[in-house]
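Student: Sequence:
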Amino acid sequence: MQRYFTNEQIDENNNITITGDDAHHIIQVMRMSPGDEVYVVAENSTYTMTIVEGSAKSVLLKAEEKLEQTNEMPLIVSIVCGLPKGDKLELITQKATELGMHTLYPFEAKRSIVKWDKQKNEKKIVRLQKIAKEAAEQSHRSSIPNIHTPISLKELLEIGTTYDVKFVADEEDAKLEHRQKFAEQLKKVHDKKSILIVFGPEGGLDRSEIKSLLENDFQPISLGPRILRTETAPLYALAAISYEYE
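First residue of the sequence shown: 1280, per the numbering used here; consecutive thereafter.
Because the hints were derived from the structure by calculation, they are not lab data.
Every value quoted in this text rests on a predicted model; they were computed, and no experiment measured them.
The reader is advised that the hints may include incorrect statements.
[Said to hold, decoys possible] Capping the alpha-carbon separation at 27 Å, the derived lysine-lysine pairs in BS3-like fashion look like this: (1) 1433 / 1341; (2) 1409 / 1467; (3) 1471 / 1433; (4) 1345 / 1490; (5) 1394 / 1412; (6) 1460 / 1412; (7) 1364 / 1336; (8) 1389 / 1364; (9) 1412 / 1490; (10) 1345 / 1460; (11) 1336 / 1409; (12) 1433 / 1389; (13) 1374 / 1403; (14) 1412 / 1374; (15) 1345 / 1367; (16) 1336 / 1367; (17) 1367 / 1394; (18) 1490 / 1472; (19) 1466 / 1394; (20) 1374 / 1364; (21) 1336 / 1389; (22) 1466 / 1403; (23) 1394 / 1345; (24) 1367 / 1409; (25) 1336 / 1412; (26) 1433 / 1367; (27) 1433 / 1402; (28) 1374 / 1402; (29) 1364 / 1345; (30) 1403 / 1367; (31) 1364 / 1341; (32) 1345 / 1409; (33) 1341 / 1367; (34) 1409 / 1364; (35) 1471 / 1460; (36) 1490 / 1466; (37) 1490 / 1467; (38) 1402 / 1389; (39) 1409 / 1341.
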């Protein structure tokens, strides 16, 4: 069954109106009609809703049942990703959303080849947020991840103070004979509520950045003996966390 997110409030008759692209998708793409059911996430809750009437511009739905089950991770897991080349940030946004990511922080790392265009910043974030919304609908999530504007190292250290556990993926650690195995570290933080993980861009994190992170209570982690691409590493980590917690 199709799932949609809305910021609209349910009225006193348990009705809600969906407009815009979602209304067009329901009527024109999915060819739904009155009596058909969909899932709608409204006011942070998921409902089974029936279509009362609709057009490509507006669809009226009636709430039938509020679902208690949630498909969210049992803890908050946020990703910091050094700005990558091409459309890799879109790939990370989509797949990390499917895997349960809470927030994505693009990071203007020293070795980031891509420099964020401030003038196009807003349009890029809007596009990434749309990708996150569509991925959240596809994977039947109960919330849409937040795509943050790019942050500096100073901002990253400040954001880190709001998380219970902070990890940094260090490729140099992966080369050691005795690595900081991620699975072992995850077993030690089951009582924590939030995790922040930092990944570098294509060229990896600069040693000065690693030094600053370690000095601010970030723990180094190894994702195995192989060096993963910048778009692969966050997905590996999220899958490992899902395996451990879910």
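Student: Determine for every hint whether it applies to the structure shown.
Tutor: Tested hints:
no.: 1; hint: 1433 / 1341; result: 47 Å, violated
no.: 2; hint: 1409 / 1467; result: 35 Å, violated
no.: 3; hint: 1471 / 1433; result: 24 Å, holds
no.: 4; hint: 1345 / 1490; result: 48 Å, violated
no.: 5; hint: 1394 / 1412; result: 25 Å, holds
no.: 6; hint: 1460 / 1412; result: 33 Å, violated
no.: 7; hint: 1364 / 1336; result: 37 Å, violated
no.: 8; hint: 1389 / 1364; result: 14 Å, holds
no.: 9; hint: 1412 / 1490; result: 35 Å, violated
no.: 10; hint: 1345 / 1460; result: 41 Å, violated
no.: 11; hint: 1336 / 1409; result: 19 Å, holds
no.: 12; hint: 1433 / 1389; result: 13 Å, holds
no.: 13; hint: 1374 / 1403; result: 17 Å, holds
no.: 14; hint: 1412 / 1374; result: 12 Å, holds
no.: 15; hint: 1345 / 1367; result: 37 Å, violated
no.: 16; hint: 1336 / 1367; result: 33 Å, violated
no.: 17; hint: 1367 / 1394; result: 14 Å, holds
no.: 18; hint: 1490 / 1472; result: 25 Å, holds
no.: 19; hint: 1466 / 1394; result: 37 Å, violated
no.: 20; hint: 1374 / 1364; result: 17 Å, holds
no.: 21; hint: 1336 / 1389; result: 46 Å, violated
no.: 22; hint: 1466 / 1403; result: 37 Å, violated
no.: 23; hint: 1394 / 1345; result: 45 Å, violated
no.: 24; hint: 1367 / 1409; result: 15 Å, holds
no.: 25; hint: 1336 / 1412; result: 19 Å, holds
no.: 26; hint: 1433 / 1367; result: 24 Å, holds
no.: 27; hint: 1433 / 1402; result: 24 Å, holds
no.: 28; hint: 1374 / 1402; result: 20 Å, holds
no.: 29; hint: 1364 / 1345; result: 42 Å, violated
no.: 30; hint: 1403 / 1367; result: 13 Å, holds
no.: 31; hint: 1364 / 1341; result: 44 Å, violated
no.: 32; hint: 1345 / 1409; result: 25 Å, holds
no.: 33; hint: 1341 / 1367; result: 39 Å, violated
no.: 34; hint: 1409 / 1364; result: 20 Å, holds
no.: 35; hint: 1471 / 1460; result: 18 Å, holds
no.: 36; hint: 1490 / 1466; result: 25 Å, holds
no.: 37; hint: 1490 / 1467; result: 23 Å, holds
no.: 38; hint: 1402 / 1389; result: 24 Å, holds
no.: 39; hint: 1409 / 1341; result: 25 Å, holds
Violated hints for the displayed structure, listed by number in ascending order: 1, 2, 4, 6, 7, 9, 10, 15, 16, 19, 21, 22, 23, 29, 31, 33.
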